[in-house]
Amino acid sequence: MSSKYIERFNTSERVLHWFVTVTFFTLLLSGLGLYSRLFTGYFNLFGNGHNAIWIHKAAGVLFFLSSLFFFWHNRRRMTDFNRDDAEWIRQAGGYLSKEEVHLKVGKFNAGQKIFGVFIGVATLILGVTGLFIWMPELFPRWIVQLSLMLHGLLFVGSIMFVLIHVYLGTIGNPGTAEAMLWGKVTRPWARHHHPKWYKEVGKDP
Amino acid sequence: MSAMADTIQAENRKGFLVDTSRCIGCRSCQVACKQWNKLAADQTEKLGTFDDSRDLTPSLYNRIRFTEGTASTGELTWRFLNERCMHCGDAGCMKVCPSPGALYRTSDGIVAYNKEKCISCKYCVSACPFNIPRYDADDKVSKCHLCLNRVGGGMAPACAKACPTESLTFGKRSDLIARAKAAGKTLYGELDLNGLGVVYALEGPPEQYGLPLKPAIPLSIFIWKDIVKPLGILGFWGSMGAILLHYVTIGPKKIEEEQDEEGGAP
Numbered sequence: 079m080s081s082k083y084i085e086r087f088n089t090s091e092r093v094l095h096w097f098v099t100v101t102f103f104t105l106l107l108s109g110l111g112l113y114s115r116l117f118t119g120y121f122n123l124f125g126n127g128h129n130a131i132w133i134h135k136a137a138g139v140l141f142f143l144s145s146l147f148f149f150w151h152n153r154r155r156m157t158d159f160n161r162d163d164a165e166w167i168r169q170a171g172g173y174l175s176k177e178e179v180h181l182k183v184g185k186f187n188a189g190q191k192i193f194g195v196f197i198g199v200a201t202l203i204l205g206v207t208g209l210f211i212w213m214p215e216l217f218p219r220w221i222v223q224l225s226l227m228l229h230g231l232l233f234v235g236s237i238m239f240v241l242i243h244v245y246l247g248t249i250g251n252p253g254t255a256e257a258m259l260w261g262k263v264t265r266p267w268a269r270h271h272h273p274k275w276y277k278e279v280g281k282d283p
Numbered sequence: 005m006s007a008m009a010d011t012i013q014a015e016n017r018k019g020f021l022v023d024t025s026r027c028i029g030c031r032s033c034q035v036a037c038k039q040w041n042k043l044a045a046d047q048t049e050k051l052g053t054f055d056d057s058r059d060l061t062p063s064l065y066n067r068i069r070f071t072e073g074t075a076s077t078g079e080l081t082w083r084f085l086n087e088r089c090m091h092c093g094d095a096g097c098m099k100v101c102p103s104p105g106a107l108y109r110t111s112d113g114i115v116a117y118n119k120e121k122c123i124s125c126k127y128c129v130s131a132c133p134f135n136i137p138r139y140d141a142d143d144k145v146s147k148c149h150l151c152l153n154r155v156g157g158g159m160a161p162a163c164a165k166a167c168p169t170e171s172l173t174f175g176k177r178s179d180l181i182a183r184a185k186a187a188g189k190t191l192y193g194e195l196d197l198n199g200l201g202v203v204y205a206l207e208g209p210p211e212q213y214g215l216p217l218k219p220a221i222p223l224s225i226f227i228w229k230d231i232v233k234p235l236g237i238l239g240f241w242g243s244m245g246a247i248l249l250h251y252v253t254i255g256p257k258k259i260e261e262e263q264d265e266e267g268g269a270p
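These protein sequences, in sequence, are chains A and B.
Read in order, the letters of the first sequence correspond to residues 79 to 283 in our numbering.
Read in order, the letters of the second sequence correspond to residues 5 to 270 in our numbering.
If you're looking for bench data, these hints aren't it; they were derived computationally from the structure.
Since the model is a prediction, treat every value here as computed from it, not as a measurement.
All residues carry an ideal CB built from backbone N, CA and C; glycine is no exception.
Check each hint, because a few of them may be wrong.
As a list, the in silico SDA-like pairs of lysine to any residue whose alpha-carbon atoms are at most 25 angstroms apart [as the list claims (entries may be wrong)]:
1. A/Lys185 with A/Gly198
2. B/Lys257 with A/Trp220
3. B/Lys229 with A/Trp220
Stretches of chain B that chain A covers, calculated by requiring three or more beta carbons in the stretch to come under 8 angstroms of a beta carbon on chain A [said to hold, decoys possible]:
4. 122-134
5. 195-209
6. 221-234
Just the calculated beta-carbon pair ranges, DEER-fashion [to be verified]:
7. A/Lys182 with B/Pro256: 39 to 45 angstroms
8. B/Pro256 with A/Trp220: 45 to 51 angstroms
9. B/Pro104 with A/Leu216: 27 to 33 angstroms
10. B/Gly239 with A/Glu178: 56 to 62 angstroms
11. B/Ile231 with A/Val244: 22 to 28 angstroms
12. B/Asn16 with A/Arg219: 29 to 35 angstroms
13. B/Arg26 with A/Asn129: 47 to 53 angstroms
14. B/Leu195 with A/Leu174: 50 to 56 angstroms
Sequences are here, hints too, so could you generate the full structure?
This is how it looks when you write it as structure tokens:
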């Protein structure tokens with residue numbers, strides 16, 4: 079009898095994921111007050127706005143490095159878009175109806191790939207624009223102005239993607255969060271959600 | 005949001021009228037400003053022009069900008085402009101400032117600031133249509149505050165007080181504009197950006213003075229604050245709503261329990 083569970087993410091992948099998560103939410107909380115005066119109250123979490131900016135800068139550096147490294151680690155599986163992904167996108171991953179669909183999905187489905195690539199690119203642009211905003215006196219004004227706009231825009235895109243990511247990774251797909259918590263998923267889960275990947279890794283030694 | 009909008013009462017608004025035809029470039033305004041506001045001297049450089057203080061600094065709130073040029077008629081032009089914070093009616097700096105009370109508007113319409121509340125984000129530097137705010141050695145905003153401590157006491161700002169030719173006059177903005185118009189002057193800044201607090205009577209086109217023809221809040225800043233910000237908030241709650249709706253209508257993707265029994269490879 080084979081084990082009921084198979085490993086989906088190893089320990090270092092999980093630690094890296096949660097490191098990126100913590101820096102992301104630190105950036106979110108410290109940046110909200112900078113996004114709009116409507117959210118000035120969030121500065122209080124850090125004492126005052128001045129501290130919030132410093133935390134935002136420190137967390138920004140950590141997020142930039144860890145998120146890019148995370149993307150680099152998954153770069154092959156995240157960017158190998160193929161015909162099965164096109165079919166997944168055509169059917170919106172089966173998320174728009176109650177009917178059961180059977181899609182050929184590898185380790186990551188097309189939605190996860192899009193999310194991964196978006197966050198990778200957004201990290202790069204948020205980091206570079208963040209640097210321009212950090213030291214505006216060193217760059218032409220139009221670059222800093224454009225950076226302020228892009229930084230806000232990509233933040234909005236990121237938070238919307240992250241909301242969906244959290245939903246689909248937890249209550250939207252029961253059994254999924256475990257992959258990122260202790261690394262293992264059940265065989266039925268793997269067979270159902272990622273059949274191509276399961277064929278690769280599901281065989282017992 | 006309306007409570008946070010920058011409101012200005014036109015009838016109380018005070019400001020400058022700068023009649024450039026009367027300016028002799030003596031820079032009394034610069035000196036008086038430094039003296040009243042106890043600002044340190046800046047190291048200047050002789051560069052072969054009158055324009056020896058080349059730019060505003062954290063301790064130079066106003067200066068005379070000397071601009072040489074050639075008009076389209078071939079005539080040589082030499083323009084003097086008192087350069088400073090314009091105390092815009094629609095102020096880009098106030099629009100972007102994330103720290104309540106760091107940049108604020110007085111009942112006179114002055115765009116004033118409180119260094120203690122400044123959190124050193126420098127957004128105002130990028131959002132200013134005229135590139136005016138500077139940051140001091142403590143990393144705090146620094147610019148002309150229109151001598152609000154003098155104005156509050158019924159006095160004219162130091163620069164206007166010191167101007168020997170009355171090129172720089174201070175008073176009720178609407179009166180100054182009415183008087184200048186009655187004298188047949190062409191005005192710059194009467195209506196731009198909801199009216200500038202510094203209105204100029206220029207002798208030539210604005211570009212001869214190094215002024216933007218149509219001053220406006222930079223486009224990227226406008227998009228950031230007036231489009232991305234509200235749409236972002238909408239996008240966040242829209243996503244939350246869509247997720248909730250998805251959960252209660254279509255619902256989670258549950259895995260059939262009986263599959264569990266099979267175990268092994270498919």
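Results for each hint:
A threshold of 25 angstroms between alpha carbons decides the hint, and for lysine 185 of chain A with glycine 198 of chain A the separation of about 18 angstroms falls inside it, so the pair holds. Distance restraint check for lysine 257 of chain B and tryptophan 220 of chain A: the Cα-Cα separation of roughly 47 angstroms exceeds the 25 angstroms cut-off, and the hinted pair is therefore not satisfied. Simply put, lysine 229 of chain B and tryptophan 220 of chain A have alpha-carbon atoms about 16 angstroms apart, close enough for the 25 angstroms limit, and the pair holds. Using a Cβ-Cβ cut-off of 8 angstroms, 8 residues of the stretch 122-134 of chain B lie near chain A, which meets the minimum of three, so the contact claim holds.
Proximity of the stretch 195-209 of chain B to chain A, defined as three or more residues with a beta carbon under 8 angstroms from a beta carbon of that chain, is not established by the 0 residues found. Proximity of the stretch 221-234 of chain B to chain A, defined as three or more residues with a beta carbon under 8 angstroms from a beta carbon of that chain, is established by the 8 residues found. Distance hint check: the CB atoms of lysine 182 of chain A and proline 256 of chain B are about 22 angstroms apart, inconsistent with the given range 39 to 45 angstroms. For proline 256 of chain B paired with tryptophan 220 of chain A, a C-beta distance near 47 angstroms keeps the hint of 45 to 51 angstroms intact.
Between proline 104 of chain B and leucine 216 of chain A the CB atoms are about 28 angstroms apart, so this pair conforms to the stated range of 27 to 33 angstroms. Glycine 239 of chain B and glutamate 178 of chain A have their C-beta atoms about 31 angstroms apart, which leaves the hinted 56 to 62 angstroms range violated. Taking 22 to 28 angstroms as the suggested C-beta distance range, the pair isoleucine 231 of chain B and valine 244 of chain A conforms, at roughly 26 angstroms. For the pair asparagine 16 of chain B and arginine 219 of chain A, the supplied restraint of 29 to 35 angstroms holds, since their beta-carbon distance comes to about 32 angstroms.
The supplied range of 47 to 53 angstroms is met by arginine 26 of chain B and asparagine 129 of chain A, whose beta-carbon atoms lie about 49 angstroms from each other. The hinted window of 50 to 56 angstroms between leucine 195 of chain B and leucine 174 of chain A holds, with their beta carbons roughly 52 angstroms apart.
The structure is inconsistent with the numbered hints 2, 5, 7 and 10, although it conforms to all the rest.
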